[in-house]
Amino acid sequence: MLHLGQAQAPTRTRPAPASSATAPRPSGQLYGTLINLSGRRRFTSQRVVLYAVLAQQGHDGAMALSRGALATFLEAHDTLVKGNGTVPGLFCDELKDVYFGAPGGEKTIRAFIDLARRTQDSVDAHAPGAPALLDELVASATPLLAVLNQITLVYENLATTQASSSRQQLSGVLTDIESIAKHARIVAFNAQVAAARAGGAGREFAVVAGELSAITSKIDELVHQAMKASAA
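Position 126, counted from 1, in the sequence shown is what UniProt numbering calls 126; the numbers after and before it change by one each time, with no gaps.
Don't read these hints as lab results, they were simulated from the structure.
A couple of the hints might just be wrong.
Within a straight-line C-alpha distance of at most 27 Å, the following computed DSSO-like cross-link-like pairs (lysine-lysine) qualify [as the list claims (entries may be wrong)]:
#1 Lys82 to Lys96
#2 Lys107 to Lys96
#3 Lys107 to Lys82
Each pair of labels, with its calculated beta carbon distance range [to be verified]:
#4 Ala125 to Gln150: 19 to 25 Å
#5 Asp124 to Gly39: 25 to 31 Å
#6 Thr161 to Asp135: 38 to 44 Å
#7 Gly85 to Ala163: 21 to 27 Å
#8 Asp135 to Glu94: 20 to 26 Å
#9 Asp97 to Phe43: 22 to 28 Å
#10 Ala127 to Thr33: 37 to 43 Å
#11 Ala132 to Gln29: 21 to 27 Å
Glycine included, C-beta positions come from ideal geometry on N, C-alpha and C.
Given the sequences, and given the hints that come with them, work out the whole structure.
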């Protein structure tokens, strides 16, 4: 029996590296989309095989479901690799390596797509070689799933790193704001002292200084709340 790696698949070329200026790291929400798309390939790959087996056994509508699952699988894969108006494609070296490096993700996935199509066509045509192709497709499901799991793990690790980096960046910004608020409190206090010394002429100035003091107190409260949330 042929292994998945022996299936003849179209030669794929590595996408051109995207410059950091045009391909920024995704947001946390976008990482959720990427992980969802990657997980969708795992689910639909199993449906491709399952319904192809059921079609071979004569179940009505099974082949249409198998072909539909393959179309969904291919759409998710092309979106992840090539990108679109929302999804960035292979935006970092970690992803380029898992698809086109030693793990051979792209080669394995394209071989599965090619094998699935040939199997579906053979089963539909009741070709003599359909059972052998179906056996090969079933055998390919487990190694394919291992590759898809590995790729999904890369997306998950990237998302975790991005979340950690965002928390650190937020913490730095909040620290700067806290420092500015502290300086503003000092300025407000000095202004209140100067207004008191000025007597009646400094009343309006004292009101402004009091407002500034109240604002900095509110900033302090918001900063502390945000710091607590970012550490959670």
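We went through each hint and held it up to the structure:
1. Lys82 to Lys96: Between Lys82 and Lys96 the Cα gap is close to 11 Å, so the pair holds against 27 Å.
2. Lys107 to Lys96: At roughly 12 Å apart (the allowed maximum being 27 Å), Lys96 and Lys107 satisfy the hint.
3. Lys107 to Lys82: holds, 15 Å
4. Ala125 to Gln150: 19 to 25 Å: About 35 Å separates the Cβ atoms of Ala125 and Gln150, which means 19 to 25 Å is violated.
5. Asp124 to Gly39: 25 to 31 Å: holds, 29 Å
6. Thr161 to Asp135: 38 to 44 Å: holds, 41 Å
7. Gly85 to Ala163: 21 to 27 Å: holds, 24 Å
8. Asp135 to Glu94: 20 to 26 Å: violated, 35 Å
9. Asp97 to Phe43: 22 to 28 Å: holds, 24 Å
10. Ala127 to Thr33: 37 to 43 Å: Check passed, 39 Å falls within 37 to 43 Å.
11. Ala132 to Gln29: 21 to 27 Å: Violated: the Cβ-Cβ distance is about 45 Å, outside 21 to 27 Å.
In this structure, the earlier hints numbered 4, 8, 11 are contradicted, and the remaining ones agree with it.
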